[in-house]
Amino acid sequence: MAGPPLVYTPPNYVTNNVLYGVGILFTAVPGTALPSDQNLGVATAWTSLGWAYVGATEAGVTVTFNPSTQDINIEEQPTPVAVIVSTATLQVTCSMSEETLSNVNMAWGNGGSIAVTPAGAGQPGKSVMTLSTNFAAMACAVIGKNQSGYARVLSIPTVMSAGQVQTAYRRAAQQRLYPTTLNATCPFNQISWTDLTAVATS
Amino acid sequence: MTEPAKPADPAPPAPAATAPAPAPAPQAAQPATGPLSEAEQRQLSTLLARQAAVGQTGEPVRMKVTGGHSSLSYGGLTVGTEFTTVPASMVAAITEAAADAGVEITQES
Numbered sequence: 000m001a002g003p004p005l006v007y008t009p010p011n012y013v014t015n016n017v018l019y020g021v022g023i024l025f026t027a028v029p030g031t032a033l034p035s036d037q038n039l040g041v042a043t044a045w046t047s048l049g050w051a052y053v054g055a056t057e058a059g060v061t062v063t064f065n066p067s068t069q070d071i072n073i074e075e076q077p078t079p080v081a082v083i084v085s086t087a088t089l090q091v092t093c094s095m096s097e098e099t100l101s102n103v104n105m106a107w108g109n110g111g112s113i114a115v116t117p118a119g120a121g122q123p124g125k126s127v128m129t130l131s132t133n134f135a136a137m138a139c140a141v142i143g144k145n146q147s148g149y150a151r152v153l154s155i156p157t158v159m160s161a162g163q164v165q166t167a168y169r170r171a172a173q174q175r176l177y178p179t180t181l182n183a184t185c186p187f188n189q190i191s192w193t194d195l196t197a198v199a200t201s
Numbered sequence: 000m001t002e003p004a005k006p007a008d009p010a011p012p013a014p015a016a017t018a019p020a021p022a023p024a025p026q027a028a029q030p031a032t033g034p035l036s037e038a039e040q041r042q043l044s045t046l047l048a049r050q051a052a053v054g055q056t057g058e059p060v061r062m063k064v065t066g067g068h069s070s071l072s073y074g075g076l077t078v079g080t081e082f083t084t085v086p087a088s089m090v091a092a093i094t095e096a097a098a099d100a101g102v103e104i105t106q107e108s
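From first to last, the protein sequence lines stand for chains A and B. Sequential numbering from 0 applies to the first sequence in numbering that gives the first Met the number 0. Sequential numbering from 0 applies to the second sequence in numbering that gives the first Met the number 0.
Just so you know, the hints here were simulated from the structure itself, not pulled from any lab data. Take the hints with a grain of salt, since some may be wrong.
[To be verified] A short list of chain A residues far from chain B (calculated; beta carbon distances all over 12 Å):
1. M0
2. A1
3. G22
4. S47
5. N65
6. S96
7. G110
8. A172
[As the list claims (entries may be wrong)] Where chain A lies over chain B, by a calculated footprint (3+ residues, C-beta under 8 Å):
9. 63-76
10. 90-99
Ideal Cβ placement from N, Cα and C applies to all residues, glycine included.
Isolated chain B (complex conformation) (with noise of 0.2 Å):
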């Protein structure tokens, strides 16, 4: 009657043997308890203003003026005659507004 109970003996080991992989899930899991700290909060707000400003369109993209102007200024971005990084919200606004101004705009491609 105890011999059923003798396979189930080594059993134990295994899960012993890959204890070591497992471990440190849950160490990893701990620190997202609890309240954000000063500093938590604060990078959280940044990296949601951060989403919020790029929303889904994608990547920046870099853009510089050419022609006879020397600059382009809109919603608060300056384009120049070197290629500089404008977020890709503002790309389509800002090609459109340097058609409209007469300005020649381009793309890095």
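Looking at chain A on its own, in the form it has when it is part of the complex (with noise of 0.2 Å):
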């Protein structure tokens, strides 16, 4: 006498899971306020906190985290008895497009200064850069848009930029770019996401 019939029934997946677009990416000073979770969405709430837009990018915001592990293994087993995280590495990067003098500095490590002297009688106006190598920590957040159509910040109190740049100049090839890695130096768990998911009942 048969059994009960055997039944596949594999589970659903969700397609409005399944996320796409760009990535905006913010810098300010570490210690800055993030906006308020209403506004957690809002340019304006941000850059009128001090948080500054890195501007149009060559392709878009990458982030990157890369942790490297210690197996512990004993001659009894062959799979390792536990996998432990000896380093671990989280990355933001991106090319940015926008050719100013403080996205050359992010990406050239943030230890710049810029000086800026108004136009007067005899003197033009003008911004001077002085590079350093005494790189600036700094703030930085990913900002995009969940599937509720709501924003999703990824926030990271502290990173540094180091990373090699290279920008060539084209007569039309391309636009001038400014490769930048900003790589977080806080501990993880200052790093947070924040997810917006419905809209406040009052």
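Given two chains presented individually in distinct reference frames, assemble the corresponding complex, making use of the accompanying hints.
Okay, here's the thing in structure tokens:
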């Protein structure tokens, strides 16, 4: 006598959870407050608090989490008995397309200073960036849109810009680009994702 | 034999008289238990970030640019000709940057 039929019922996937779209990168002095929850998706709320938008990028913003692990092995077992995180890096990278002195400075380590001289009699207005290898820490945030259409914010309280920056001056092939690598330098428990899920009830 | 018990009777009223004072303490300790709410976690994260940024260097100071320049930007912070609040952790760095750039900068005393 045959038993109950064998049933194959795979779980349903949710196409609504498949997200795409650009990320918006803001930077600020470490310790700068985030906008209120209500305003996490409002650009002017960020800029009014002192956050700076990096502007257009060549290929969007990329977030890379890269832990390296150490296996703990024993002779009696072929698989490790534990896998321990030895180091972990979190990087936010992008190639900035807007060549402003502040963007150049940020790509080049954020260690330079920009002194502005206003125009005056016999003195053209000018901005002079003085470079330095004393890289300054900053805070960064990446804002994207979640499956509800609201803001999803990755907040990293402290990052340092450290990466090779190569900019090609071409007649027509492409714009001048400033590849930027922001490395998280704060403990992981200070890094957060905030996901807005529903409007306030009143 | 029952007489020694009598002096003990007045003792209970004494704690009863002081009971109203310690009562709020246990009530205040109750919310500290259990996991943090989402709002508390967010507040804690903000406070930790602020503490990490300020470090043990002290209070922020107010600085402004003087002389022929109208502003100096360093580390994402811009100091103009009006006093601007500078985090304590950045004061030394921005002073050094000003010196390197030949910009006069003044700290509010």
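To see whether the hints hold, each was checked on the structure:
1. M0: It holds; A:M0 is separated from chain B by about 53 Å at its closest Cβ, greater than 12 Å.
2. A1: Nearest chain B Cβ is 50 Å from A:A1, so the label holds.
3. G22: holds (19 Å)
4. S47: holds (14 Å)
5. N65: holds (22 Å)
6. S96: holds (20 Å)
7. G110: With a cut-off of 12 Å, A:G110 comes too close to chain B, as the shortest Cβ separation is near 8 Å.
8. A172: Given a closest Cβ separation of 31 Å, the condition holds.
9. 63-76: holds (count 10)
10. 90-99: It holds: at least three residues are needed, and the segment 90-99 of chain B offers 6 whose Cβ sits within less than 8 Å of chain A.
When held up to the earlier numbered hints, the structure conflicts with hint 7 and nothing else.
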